[in-house]
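Visitor: If you read the protein sequences in the order shown, they are chains A and B. Numbering-wise (the UniProt record's numbering), the first sequence opens with residue 1 and increments by one. Numbering-wise (the UniProt record's numbering), the second sequence opens with residue 1 and increments by one.
Source of the hints: derived by calculation from the structure; they are not laboratory data. Treat each hint with caution, since some may be false.
Label-pair distances were calculated between CB atoms; the ranges are [said to hold, decoys possible]:
id	chain 1	residue 1	chain 2	residue 2	range
1	A	D418	B	P33	53 to 63 Å
2	A	L548	B	P296	29 to 39 Å
3	A	R485	B	A257	57 to 67 Å
4	A	N803	B	E113	51 to 61 Å
5	B	P30	A	N803	24 to 34 Å
6	B	D447	A	R832	28 to 38 Å
7	B	P33	A	S468	47 to 57 Å
Simulated coverage check for chain A against chain B, where a stretch passes if three residues somewhere in it have a Cβ under 8 Å from a Cβ of chain B [as the list claims (entries may be wrong)]:
id	region
8	342-350
9	575-583
All residues carry an ideal CB built from backbone N, CA and C; glycine is no exception.
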Amino acid sequence: MKRVLLSILFLVIASSSVWAQGKTVTGRVTSAEEPEGIPGVNIVIKGSSSGATTDLDGRYSIEVPSNDAVLVFSFIGYKTTEQRVGNRSEINLNFASDLSDLSEVIVTAQGIERDERSLGYAVQSIKGDMVSQKSEPNLLNSLQGKLTGVNIVGSSGAPGASTNINIRGITSFTGSNQPLIVVDGIIFSNDTDNTQNTLFGSQPSNRLNDIAPETIESVNVLKGPAAAVLYGSRASAGAIIITTKSGAGLENKTEVTVNSSVNFQNVYGLPKFQNQYGQGTQNDFNNTSTGSWGPAFGTPGFETVETSFGTTVPYQAFPNNIRDFYQQGKIIQNGVSVASGDRDDNFIVSMNTTMQEGIIPNSSFDRYSVQVGGNKKLNNGVKVSGNVTYVRSESQNTIVGNGGSAFGQITRIPRSYDLVGQPFQDEFGNSLYYNPTQNHPLWSLENEFLRSKVDRVFGNFKVGYDISDWLNVSYRVTADTYVDRRKDVARIGSARTPAGSIGEDMLFRSELNGDLMITASKSNILTEGLDATLLLGQNINQRNFQSLGVFGTDLNVPFFDNVSNASVFTGSGEFSNVRRLLGHYAQLALAYNNYLFLELSGRVDQSSTLPANNNAYFYPSVAASFVLTDALNIESNFLSYAKLRASAATVGRDADPYLLNTFFSTASYGNNVASITFPIGVGGNNIPGFAVGTRLGSDQLTPEFVTSYEVGGNFGLFNNRLSVDLAYFYTQSTNQIFDVAVSNSSGFDTQTTNVGEMVNQGIELELNGTILQAGQFTWDMGLNFTRIRNEVKYIAPGVDQSNIPGNGFVGLTPSIVRGQPYGVLVGNAMQRNDAGELLINPLTGGYLPTIAGQVIANPQPDWVAGLMNTFYFKDFTLGVLVDTRQGGDVYSFGMVDQRNGGALEMTGIDRELPRVLPGVIDMGDGEYMPNNIQVPAQTYWSGLGGLISESGVYDATVWRLREVSLTYSLPRRYLERTPFGEASIGFSGRNLWFFAPGFPGDPETNTQGAGNIQGLDLNGMPNTRNYGVNIRFTL
Amino acid sequence: MKVFNKILYGATFALLVSSCSEFMDINDNPNNPDAVTPELLLPTGLTGAAFANNNELNRFGSTVISVTAGAANSPSAYDVYDIDSDDFGNQWRFELYSGSLIAFEEMIRVSEEVDAKAYSGIGKIMKAYAFALTTDTWGDIPYSEALGGLGNTQPALDSQEDIYKGAEGIQSLFDLVREGIADLGEESSLMPGQDDIVYGGDLDQWRKAGYTLMLKMAITISYREPALATTIINEVLQDGELITSNVDDLNVRFGMAQGSYAPAHEWTNVSTFAGDLIISTRFVNLLQSKNDPRLPLFVTAPTGSYVTIDNGFAGQRPLPQTSWSRFSSYVTGNGAGPVRLVTNFQRAFNLAEAVVRLGVAGDANEYYQEGIRASMSLAGLSASEIDAYFAANADEVNLTGNVDDDMEKIITQKYIAWFGNGVEQWTDWRRTGFPTLAPHQNAGGVDPNQRPLRAQYISQEINRNPNFPNNIFSNVPVWWNE
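Kindly generate the complete structure, drawing on both the sequences and the hints.
Guide: Structure representation (structure tokens):
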């Protein structure tokens, strides 16, 4: 956007003449963003009216009266800078950008460009170079730590694994809480389709993964309903507006940009292990034990031991048996784009590939994309533009989850087990593993996987016309469609399905949008200084989904991964839905003397998913902004800029399709004791049977609403060297569309209805400033801080607790609980006395039995913050991002496994000495005595608690060196005789270091992937540390 | 430019107009139907009722009544009288209220709309059967307010007395059956066929089943309401055609392929829970003491001798499991069942009881012998084999004229005949105290000295519907047993 401004301003300013005076000073003005020179910079001699402007290469020449003259360099978006001439005849300026971006043009809802100062709500903008070439192929991950009010949690280091994002908390009980994603005006699906049980399966991608970070020009985050109201129902969880690179702003040049990077990935975040004790239990060797409670290494009589499959091996530690299970991953990314044109006539063609091999064998993520786009202003004044992108994304991942999977086993590897040094299968391909009922993890990697192949096309077409200089009309059509073909293989011998199974799924999604927009702008209406812009719009939306699946078991031919290889077909089916929405919206924006702004918006949506006689709903928003410093003509070096803003908005959200009626489905009875599924074969006849559905539909369903209030301020201090942005928001979700439990004797199980109330409150703080500026060295710092409090105020009459739809373990339920934050885990809690001390069983020295049905963990963090440091020196730029997440819990199966199993380092310390569990013994007379019952180490560590209990809950607090990048841009003088316009080389690294005081590994994990269930580590894959090198040049 | 404007106006107008109706009218579910015809609901209702009788409640009933013994999992808890509110939730929810009962309710509703009287008639008879099973098991239950969907999401409970006898706003189960029988006599727009997996569409047999069900329900309440029971029994004897042959039995038939099995076959021979149940030593001893020729036909002996355990036995179970004595194909039918809900032998024993206890006119001994013969014939014995048994065991097959002795004989023979249907055996024992059963070893539960007299309300209903009391345990008799 800055480039556009640059060129416009240049044209205006370049026409003004340049004076000639005594001494001539020449030089060149550059900046970190514009190392090739900034055109159109205004240079005046302080105290006079004479001045000059820079040319296209940023060069200037100015006559000054004396050495005492002071040159004042000013340009929109940069800090006005003064330089005393002195003896110099050449003054080169490395212009520091004005970090507060006070005059930045922001892309808001529906692509409307607004001056930042006019906005009555928080919008945060990230430039493309902050997310590209950061050793990270998933855009959402590369936004981590850079935004306020936004919670981004990756699920694991598996290639293509999904990432969860919530803006300003969770606002819907069961609807999607992921923000709306808009790419170049295209409503873009970021769905994560879990075709398998999320407790046991592989982690599919969130589909924003189909966008390569290298193609991005900017990312704008619309945080609240007020900002996103024009997008309607679907933006109640906020919106992320992504603009990809285009040929606009190239000033009729043709530019070929090439970028390329190689990154490596290594496993990290593994806990520390003990290496003194081997496989076994109660200090004795046992060759099928999952624990490392055997004798100490070197114990006489245990020089060698016999494995469960009959070989004799030395009894020794294999300190790296877990680490060596992982390989080095690789990410190779290449991109070429050709762009040309100016603001009105331009085109871009770009191609990008990303090829990733994961840190475990047989896992990969490959993405290939081609984009063609352009704009044209026809002679008759009609503007047309279009953009089409094709993406092919392929991923392959192994199975994760408790029990029979590589990652269900990797936490149960005894310290003396030579995991990677011994063959993992016999000559017939059968798994060889110490535990005969499970698979060797390496065997699982070879033979159990999910493959996904996505073909996706998205694009837009827009035509617009200026009917007069104040009236514009445009129509835009956007489409996004993809097919995801998945194959889910568990070969013969797999622990979960010993006879083998193959599933073949086809998922189809498509979305079409048509938007008519009429914009009228008038200045000085009614009174001098009052400008008004009125927007009228109409949106037509259709969304289709279909899934088709075949699932077969009992395979015949080994290694033949085709469903025709199955003998028994147990789950074939089709599911599809379609929904439509018709929206009409209006927005009136008023500006008074460029310091007082008021924006009134309203939208009426009509949804196909609501009862036909009552399917339209209206919701409004109002936002105001007041630039105090301009209104009161404050001229202060301390308070250079002050803006106050406030907004209130409501957004309605429709239901999912087909909730209005009660439906019938193919009948079935029973469970794993005995069951039938219709049609049944009786006496040679196939008898069909249908059952009344267990969910009661409601033809009275109304939309759910999110109402949000926000106040904030934006302040520029010390000549705008430091900018502060503060926001407070309060969001209330009501009328939630929810399946409430009903008495079973009504004949039904749940009833879809409108209930519930949930509140989010939060504070966001953003600080940006230049810490140091000396010569060609600049140190900029940006700090962001977010604190959000969520509370479920009310569910339904007589209902204080309800599970979040999804897969959960019995006894460990992600839940909605009245008076608690959304998504708390309900499970088994330890018994405590009134003082909160743990109660010990006086007979055993262990804890008393746990109590079921208690809230044991809250995955929501207390606060999150990120600190970005950027150092500029000559042609070098160094960025260092540190972020932290304070509080919040993670429930980890893996750590409990490894603690109970005696594998963690802490379990090896003083193992021979007896221990006492922390707690007290109830003396029966109201008195409690500190526990003094000694137990052996194995009893102690396993006594802390097993799976499905409070003892698996850890504090997820973490400090992290998230991202470091160093870029060197070749100075233009070196490039003058080459075909290159610009060239840079960069080094980057991610997840280089972390500190988690409450968790033995990296707590950023989320096995169930993007969605409403968070905070569970159910034997997922660990995270990775990425680092690499990238080059970029233009021709 | 004007062309462009016209196109734009045209397009917008077209969109606005079309949006009014058809554009939004796409919320019809392509994945599930919102209405089905009666013949698609009948098999669902029938198999649901069969599951309610033959699945978990049968594992419970057969065990608590000493026919089987619990070797593992839930049945080993049943064996020591240990049931609570976490038991039988699936039966209440999926087999009864959200299974057979709602299917019959919906079938009756749809049938009445299209005058398919055959279906509404069958539906009313079977709904009465399923409600009777529910109230006999749990006591007071939602009945008149139940199955109302949105109309009543927290139905109140009706007393068992009102359910059987009727009251203001509560149709008695007997009236429900009478209404069903009346429907069967009317012209019907639709006739059942293959979908009727009981009688293949023979309405005469359904009518007989209806009257025989009324007889059973009258006998069930006859200790508590002897006069009403007598009246009803006389009514069905007078104008009713009862089941008088084994081929008239109300049997729900299943199939011999995975996914179509009768429940007792699957949990006896197929599923991973087949190790839960073994035939009780007591049942084998009982039949051996009577020289009963049905024993080898009822109970398997894979090793040539009966491998059983005593009820409540806590020690090592016999190994291997393949040696265990189990329900034979008389019960399982190798998957096909049938699940016997109302039978000819039951009718005969009920009439024998009615003559002995209620003074209904008739020859009790004749009915008693008819019951034994019907059962033996059903078990596969030939007429000559039955005659031979009768000749050799005259004491066993003849009543004495002493009411108590005769009742013990009738119900003990009925108990043997009901082999494989623990629900009916348990109900008869609760009513009459027969057969005389010794306490199980290691008995516990709410009251170690009392076999369960009812099932406890399920915890999910206690959580969801405040009308359910949470303090009625399994040692409290139901109304007809008070």
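Visitor: Could you tell me whether the CB distance from P30/B to N803/A stays inside 24 to 34 Å?
Guide: Holds - the Cβ-Cβ distance for P30/B and N803/A, about 28 Å, lies within 24 to 34 Å.
Visitor: Note whether the CB distance of N803/A and E113/B lies within 51 to 61 Å or breaks it.
Guide: violated, 37 Å
Visitor: For the region 342-350 of chain A, do at least 3 residues have a Cβ located nearer than 8 Å to some Cβ of chain B?
Guide: violated (count 0)
Visitor: Is 53 to 63 Å right for how far apart the beta carbons of D418/A and P33/B are?
Guide: holds, 58 Å
Visitor: Quick one: are L548/A and P296/B within 29 to 39 Å, going by C-beta?
Guide: violated, 52 Å
Visitor: Is it true that D447/B and R832/A lie within 28 to 38 Å of each other by Cβ?
Guide: 34 Å Cβ-Cβ, so the 28 to 38 Å window holds.
Visitor: Can the suggested window of 47 to 57 Å be confirmed for the beta-carbon pair P33/B and S468/A?
Guide: holds, 55 Å
Visitor: At least three residues with a C-beta closer than 8 Å to a C-beta of chain B: is that true for the region 575-583 of chain A?
Guide: holds (count 7)
Visitor: Taking 57 to 67 Å as the stated bounds, is the beta-carbon spacing between R485/A and A257/B within them?
Guide: violated, 32 Å
Checked against the numbered hints above, the structure breaks hints 2, 3, 4 and 8 and satisfies the rest.
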